[in-house]
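Trainee: Listed below are the residues making up each chain.
Number of protein chains: 2
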Amino acid sequence: MCELHSKRDTLALRGRHIGPSCKVFFAADPVKIVRAQRQYMFDEKGERYLDCINNVAHVGHCHPEVVRAALKQMELLNTNSRFLHDNIVEYAKRLSATLPEKLSVCYFTNSGYVCSFLIAAFIAESMQSCGGQIIPPAGYFQKVAEYVHGAGGVFIADEVQVGFGRVGKHFWGFQMHGEGFVPDIVTMGKPMGNGHPMACVVTTKEIAEAFSSSGMEYFNTFGGNPVSCAVGLAVLDVIEHEDLQGNAVKVGNYLTELLNKQKAKHPLIGDIRGVGLFIGIDLVKDPQRRTPATAEAQHIPKRFFSKIFMLFCLLHYIFLDLVLEEALGAKTASVISENTPCKTEVPKEAHLELLSGDADSRESSSRKRNGACTDKHALLSKRLKT
Amino acid sequence: MCELHSKRDTLALRGRHIGPSCKVFFAADPVKIVRAQRQYMFDEKGERYLDCINNVAHVGHCHPEVVRAALKQMELLNTNSRFLHDNIVEYAKRLSATLPEKLSVCYFTNSGYVCSFLIAAFIAESMQSCGGQIIPPAGYFQKVAEYVHGAGGVFIADEVQVGFGRVGKHFWGFQMHGEGFVPDIVTMGKPMGNGHPMACVVTTKEIAEAFSSSGMEYFNTFGGNPVSCAVGLAVLDVIEHEDLQGNAVKVGNYLTELLNKQKAKHPLIGDIRGVGLFIGIDLVKDPQRRTPATAEAQHIPKRFFSKIFMLFCLLHYIFLDLVLEEALGAKTASVISENTPCKTEVPKEAHLELLSGDADSRESSSRKRNGACTDKHALLSKRLKT
Numbered sequence: 007m008c009e010l011h012s013k014r015d016t017l018a019l020r021g022r023h024i025g026p027s028c029k030v031f032f033a034a035d036p037v038k039i040v041r042a043q044r045q046y047m048f049d050e051k052g053e054r055y056l057d058c059i060n061n062v063a064h065v066g067h068c069h070p071e072v073v074r075a076a077l078k079q080m081e082l083l084n085t086n087s088r089f090l091h092d093n094i095v096e097y098a099k100r101l102s103a104t105l106p107e108k109l110s111v112c113y114f115t116n117s118g119y120v121c122s123f124l125i126a127a128f129i130a131e132s133m134q135s136c137g138g139q140i141i142p143p144a145g146y147f148q149k150v151a152e153y154v155h156g157a158g159g160v161f162i163a164d165e166v167q168v169g170f171g172r173v174g175k176h177f178w179g180f181q182m183h184g185e186g187f188v189p190d191i192v193t194m195g196k197p198m199g200n201g202h203p204m205a206c207v208v209t210t211k212e213i214a215e216a217f218s219s220s221g222m223e224y225f226n227t228f229g230g231n232p233v234s235c236a237v238g239l240a241v242l243d244v245i246e247h248e249d250l251q252g253n254a255v256k257v258g259n260y261l262t263e264l265l266n267k268q269k270a271k272h273p274l275i276g277d278i279r280g281v282g283l284f285i286g287i288d289l290v291k292d293p294q295r296r297t298p299a300t301a302e303a304q305h306i307p308k309r310f311f312s313k314i315f316m317l318f319c320l321l322h323y324i325f326l327d328l329v330l331e332e333a334l335g336a337k338t339a340s341v342i343s344e345n346t347p348c349k350t351e352v353p354k355e356a357h358l359e360l361l362s363g364d365a366d367s368r369e370s371s372s373r374k375r376n377g378a379c380t381d382k383h384a385l386l387s388k389r390l391k392t
Numbered sequence: 007m008c009e010l011h012s013k014r015d016t017l018a019l020r021g022r023h024i025g026p027s028c029k030v031f032f033a034a035d036p037v038k039i040v041r042a043q044r045q046y047m048f049d050e051k052g053e054r055y056l057d058c059i060n061n062v063a064h065v066g067h068c069h070p071e072v073v074r075a076a077l078k079q080m081e082l083l084n085t086n087s088r089f090l091h092d093n094i095v096e097y098a099k100r101l102s103a104t105l106p107e108k109l110s111v112c113y114f115t116n117s118g119y120v121c122s123f124l125i126a127a128f129i130a131e132s133m134q135s136c137g138g139q140i141i142p143p144a145g146y147f148q149k150v151a152e153y154v155h156g157a158g159g160v161f162i163a164d165e166v167q168v169g170f171g172r173v174g175k176h177f178w179g180f181q182m183h184g185e186g187f188v189p190d191i192v193t194m195g196k197p198m199g200n201g202h203p204m205a206c207v208v209t210t211k212e213i214a215e216a217f218s219s220s221g222m223e224y225f226n227t228f229g230g231n232p233v234s235c236a237v238g239l240a241v242l243d244v245i246e247h248e249d250l251q252g253n254a255v256k257v258g259n260y261l262t263e264l265l266n267k268q269k270a271k272h273p274l275i276g277d278i279r280g281v282g283l284f285i286g287i288d289l290v291k292d293p294q295r296r297t298p299a300t301a302e303a304q305h306i307p308k309r310f311f312s313k314i315f316m317l318f319c320l321l322h323y324i325f326l327d328l329v330l331e332e333a334l335g336a337k338t339a340s341v342i343s344e345n346t347p348c349k350t351e352v353p354k355e356a357h358l359e360l361l362s363g364d365a366d367s368r369e370s371s372s373r374k375r376n377g378a379c380t381d382k383h384a385l386l387s388k389r390l391k392t
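Chains L and E, in that order, are what the protein sequence lines are.
Here the first sequence is numbered in the working numbering, starting from 7 and rising by one per residue.
Here the second sequence is numbered in the working numbering, starting from 7 and rising by one per residue.
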């Protein structure tokens, strides 16, 4: 299904034509993904994987509302930001409204990488006394902020991973450090476009003026183009309409609860940390000395791989980045499996019984929305294929 | 039509929320563009402009085949390049096939800016003896190439503006320097995606290995994502199916001929230079001494602005970057004006009578394709709006 080349040929062509720095996941036995819906990805054989690593498909793979918004704008106009257009100002207004009042000036780009460079350049060129990104320990944040601001520094909140409601309780990760804490610069990346290449730096009017007067007139002409902004607006709508922030709390708490039950059983689990759908499992060889259990941490994603998929492993820290609603549910699968028979059984033998299920949550309203969402999508496809 | 905010409000919101380095065209009286089709852009009042500046809408604004390809893939899968996927290898294979054999390894990114940085980093880090971009005078190119290669340097061909058939006779701009000349690195930008944020660096296997072994493992995880590559493939298809390269020769020659007639009449025109649809008009105060007529060059785009639009002015050099088929035709306008009444008359008072028309070219096959193209587009829109 959906294949132009066999997996072997795809691999061979990749070896021939794609730069070697572009490395595949699971290099020993790379995965070929041909389609995805919501929290699932499907390989060329129709095998289904629960996607716990893809931090970009923020509101779910191929969300029909996002696709529809992109299509509508692509048909109408896609041009650079040197013309006046409503989408860029509307999106900037909507983004600003989610942030503390002083964070009101947006710089749009097509890539988080460019945003990082933009900030680095800003730091280097217009405020030479400051350092790079600062991630102080929680609790000390206020004090550090006072100190850094006192020293004429700037605070940068990297929201590429944690922004847009992923931490559940707050829309932005930095808000977890208290109401009083306001960064000077906030960076955002591809999750804001659910995969559409776009990124943004939001800062204060004061810093924007400093940036401007520094003579560094960096400007990505296609950043904030009408299509990217239409997509960004649709993502904000979906987060709101489907209460994905509330869902991150609910599913995140449920997952943390399950993981804590495992922690009670397995001394290998040193800690469960995280918030919302941004959760990590700390694996240790020795609970007292907290020796990193690196080998075990590397083993687990491989073990899960064939059945579940995509746990991200940072040395001894297993990182779960669940992008979607109801990742732990079982019944939702049936919506997807109508199209593609699901060969995946709950992996009872798995070391961490992540999918030990909760029947009560099956009839949640967000699951019903998911059903509706899939129907809408099917309709859109049908219209276009007829 | 298509407006969320009045032009005044859009301007005010832009001032409040968009970084000041993001400057608009014609800042004294910025243009608000709400839709575009093929070579035309339309403002909020329905006023139509011929787009001679937009170097990104390479196969025409909102080309339905490109939109359809993007939609089809957006509905199916859009994820990073760490998974195997056919689109990235197929597109890399197709791009390589248009280039000399040794240019076979692609690095995809979401932004030409990132490509530039990639190359700068490559030069700085893996081949420290070379300089930056080299643009030697035509004719001397071979000798310079021999010299530069002899000194251990690399040649970089920037195809962001001139690639993909824009120069007409050749698919790539560097091919104008002779069959024997093969650059070491070729960079491409957003025209390859007709505006979809994407870019690419293509190089040799040898350089890719040097890059890789330098330890600089730069990799844009979303570069070469399935949607970008589907879009890139559709653009290549359109260039081929609609013979846009042949069209660039035909329309470019026609425009150059008209401009040369003007040159005979106006000593202000020092030279007409260019190839295909990449044409510049050199304005001089004194034909002998070739003193730049800077003020006049700045005046002309303003004068054309209200009727035609978008001549790009580089000091005394007026740069015409015609993105589309039949930019000089008059009859094609009727296809567009069925939807939006065209208020624009041929500007007979214009200093350079660019639109002095050629009735014989009206029934060309590419114009007929344009008509079909617009019909198809209308159908696609209709399906989605019902």
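Calculated directly from the structure, the hints in this document are not laboratory data.
Where hints are given, some of them may not hold.
No copy labels: a pair is met if it fits in one copy or bridges any two.
[As the list claims (entries may be wrong)] Cross-link-like lysine to aspartate or glutamate pairs, in silico, DMTMM-like; alpha carbons within 20 angstroms at most:
no., residue 1, residue 2
1, K271, E302
2, K269, D15
3, K29, E96
4, K211, D15
5, K38, D292
6, K269, D49
7, K38, E96
8, K13, E96
9, K271, D243
10, K108, E185
11, K211, E96
12, K29, E212
13, K99, E9
Trainee: Now tell me if each hint is right for this structure.
Mentor: Going through the hints against the structure:
1. Taking the closest pair of Cα atoms, K271 and E302 come within 20 angstroms of each other only inside a single copy of the chain (16 angstroms); across copies the shortest separation is 81 angstroms, beyond that limit.
2. For a Cα distance limit of 20 angstroms, the shortest separation of K269 from D15 qualifies neither inside one copy, at 43 angstroms, nor across copies, at 56 angstroms.
3. Taking the closest pair of Cα atoms, K29 and E96 come within 20 angstroms of each other only across two copies (17 angstroms); inside a single copy the shortest separation is 37 angstroms, beyond that limit.
4. For the identical chains of this complex, K211 and D15 are inter-copy neighbours only, at 19 angstroms across copies versus 52 angstroms inside a copy, given an alpha-carbon limit of 20 angstroms.
5. Within a single copy, K38 and D292 get their C-alpha atoms no closer than 38 angstroms, and across copies no closer than 64 angstroms, so neither meets the 20 angstroms cut-off.
6. When the C-alpha separation of K269 and D49 is checked against a cutoff of 20 angstroms, the pair qualifies neither within a copy, at 32 angstroms, nor between copies, at 61 angstroms.
7. In this assembly of identical chains, K38 and E96 lie within 20 angstroms of each other by CA distance solely across copies; the values are 14 angstroms between and 38 angstroms within a copy.
8. Proximity of K13 and E96 under a CA criterion of 20 angstroms is satisfied inter-copy only: 13 angstroms between copies versus 43 angstroms inside one chain copy.
9. Taking the closest pair of Cα atoms, K271 and D243 never come within 20 angstroms of each other, the shortest separation being 41 angstroms inside a single copy and 58 angstroms across copies.
10. For the identical chains of this complex, K108 and E185 are intra-copy neighbours only, at 13 angstroms inside a copy versus 58 angstroms across copies, given an alpha-carbon limit of 20 angstroms.
11. Proximity of K211 and E96 under a CA criterion of 20 angstroms is satisfied intra-copy only: 18 angstroms inside one chain copy versus 45 angstroms between copies.
12. With identical chains, the CA atoms of K29 and E212 are at most 20 angstroms apart between copies only, with a shortest distance of 18 angstroms across copies and 41 angstroms within one.
13. In this homomeric assembly, K99 and E9 come within 20 angstroms of each other (Cα to Cα) only across copies, at 16 angstroms, whereas the closest approach inside a single copy is 42 angstroms.
The structure is inconsistent with the numbered hints 2, 5, 6, 9, although it conforms to all the rest.
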